[in-house]
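A.B. asks: Residues per chain, in single letters:
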Amino acid sequence: MSPLQKTAAIILCAIFLLMVLATILVPAPYARQFRDAPNARPSTAHPLGTDALGRDSLSRLLYGTRVSLLLAPAAALLSTVIAALLGSAAGFLGGRFERIILAATDLSLALPWLFLLLTVRAMLPLDVPPMVSVVIAFLMMGLLGWQASVRVICAAARGVRDSDFLLLARSSGCKPARLLLCHVAPNLRTLFYAQFWISIPLFILTEANLSILGLGVMEPMASWGNLLRGFEDFSALGANPWRLVPLVLLVIVVMCFQLVLPSQEVTQ
Amino acid sequence: MIKEEKTTKLPQNVLRRLLFLFCLGIGGAFLSATLVRFAPGYGVQERELDPRWSAQSIEALRQKQMLHEGLALYYLHYLWALAHGDFGESDSLKRPVRELLRQRLPVTGNSVVRGLGIAWLAAALLASLGLASRGWLYEASSAAFSSLLLSLPSAVVAMLAVQLRAPVFFAIGVVVFPRLHRYIRSLLVRSYDQPHVLAARARGLGSGAIFWRHVLPVAAPPLLALLGVSFTIAFGAAIPIEALCDSPGLGQLAWHAALSRDLPLIVNVTLIVSLVMFAANSLADLAGRAFAGSVQ
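Chains as they are written, first to last, in my numbering: chain A, 1 to 268; chain B, 1001 to 1296.
Check each hint, because a few of them may be wrong.
Sample of chain B residues at the chain A side, in silico, Cβ under 10 Å [claimed, not checked]:
#, residue
1, Leu1018
2, Leu1082
3, Gly1251
4, Val1267
5, Thr1270
6, Val1273
7, Asn1281
Non-contacting residues of chain B with respect to chain A, defined by C-beta distances greater than 12 Å in every case (computed) [unchecked claim]:
#, residue
8, Asp1050
9, Ile1058
10, His1084
11, Trp1120
What the hints contain is simulated information worked out from the structure, not anything from laboratory work. Virtual Cβ for every residue (Gly too), placed ideally from N, Cα, C.
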């Protein structure tokens, strides 16, 4: 690990710690309105001021960080598991199954990701409780975000399929399921980790885009995307620079994830 | 021998892609029809809830809607209409989807093409300069710049574009640029490190000649494939950018359709975009293969 990667990892750990301690650190619940202080400037009571509805910005930022940083890895895990299952099976079995999986992957890759998400989102009710909207947003990303990883995993599994140790295991009478689980999958573990790490910043950014467009996490639940919706009035940011904090935090986290990522040889 | 094999395989590849495109169209149409047919509220018209309409009129309306048809007949009608370019009517805008697509597709196409032009130019220029200089400071600063842009959500870029009164295509270019820069740089570096490039350098060839004659031909096939992928990225970026910049393109239409749960519209827009994207990707891929064949 290079010093830059170590620094990025330390920053990420610090932000994760803040997220875990959100309940203790927040001055007020994220949805509580201080009706006598809308759009307040930073003060001891509200270190990052309040939003237009009088809600404490620091509390919303900490809770938003918790939502985005807990659920993006969860969605990444789901998509990696799907990609690992499909990719390993396709590469290991080969033949028609591999061709079908790769054709489906090509097809999904050709489709702009946001169009697909919007189509699925349009099929679900929009007036759902905030907590359900959070689950829907990230579940959707997890279930639809596996395509890019399948190709890479399939190519690696194909390489393992032709290896000597697998031939030996097969000649020893190992069943295909056991071969896949005990011999192929462990050899692709590094690749699974890499794909998992790659997906996290992607899902964080997708959630931000969806929420800014009003199709992600619903109010009053806080998420980075929801907090960035306040940027529509950019002119006000000059007078209130502390409102840039959510964007700065998001950029720092995504950049740190990019830095911590394994080398390109592993991920491509 | 290898070249001959490649040239004979090319028509097969073209045919295979066309067949796949056809199957995709049919499969996508079936899927679209299913989604529209089984969506809640299918076939229910606001006029049916109007008390001024008599039972006979409502019945006539329903007959007009062909609600009495079986599922197979519904699919047949849907496919038949689709084959004749009839994509149905938008629930929210009360206009034919075909007409909306005809109006919106050129707007997005124009923004995407111009945005891609900017992004490719900037990414190729920066990557080539990096290759020429190979200086630590230049590499680090260009990597940091593209990493920063990569960390910005497209919607934030769109809001910045609104504030700076920048055109939509510029915002699309800003979103696509860092993704392209990364890949182009990596491809060029990989090609530059090939043994035949080292041999050319040892023979004293100029850097321009090495780049055009030895580096670029090796990097061209994956670059052409990247061109297809960049179309997909740009179309994806068009949704938040057009929605927030109030540009009347396909992205804004898709966003509007999703917000108003207009399934016939969103499903058909997605189907058309996927067909266009798949065709663009296939074309870029085939061009890359043909080029690789000719180089070999």
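A.B. asks: Any Cβ of chain A at or closer than 12 Å to His1084(B), or is the non-interface label fine?
C.D. replies: Given that every Cβ of chain A is farther than 12 Å from that of His1084(B), nearest at about 24 Å, it holds.
A.B. asks: If you take the shortest Cβ to Cβ gap from Val1273(B) to chain A, is it below 10 Å?
C.D. replies: 6 Å, holds
A.B. asks: Under the criterion of a CB-CB separation shorter than 10 Å, is Val1267(B) in contact with chain A as hinted?
C.D. replies: 6 Å, holds
A.B. asks: Classify the hint on Leu1082(B) as holds or violated, based on whether any CB of chain A lies nearer than 10 Å to its CB.
C.D. replies: Hint on Leu1082(B): violated, closest Cβ of chain A at ~17 Å, above 10 Å.
A.B. asks: Just checking, Asp1050(B) versus chain A, shortest CB gap more than 12 Å?
C.D. replies: 25 Å, holds
A.B. asks: The output says Ile1058(B) does not contact chain A. Does that hold with a beta carbon cutoff of 12 Å?
C.D. replies: Answer for Ile1058(B): holds, closest chain A Cβ roughly 27 Å.
A.B. asks: Verify the interface restraint on Leu1018(B): the C-beta must sit less than 10 Å from at least one C-beta of chain A.
C.D. replies: 14 Å, violated
A.B. asks: Against chain A, with CB atoms and a cut of 10 Å, does the hint on Gly1251(B) hold up?
C.D. replies: 8 Å, holds
A.B. asks: Would Trp1120(B) pass as off the interface with chain A, using Cβ distances and a cut of 12 Å?
C.D. replies: It holds; Trp1120(B) is separated from chain A by about 18 Å at its closest Cβ, greater than 12 Å.
A.B. asks: Against chain A, is Asn1281(B) within 10 Å by beta-carbon distance?
C.D. replies: 5 Å, holds
A.B. asks: Does Thr1270(B) meet its interface restraint, that is, does its C-beta lie within less than 10 Å of any C-beta in chain A?
C.D. replies: At 5 Å from the nearest chain A Cβ, Thr1270(B) passes the 10 Å test, so the hint holds.
Comparing the model with each numbered hint stated earlier shows that hints 1, 2 do not hold.
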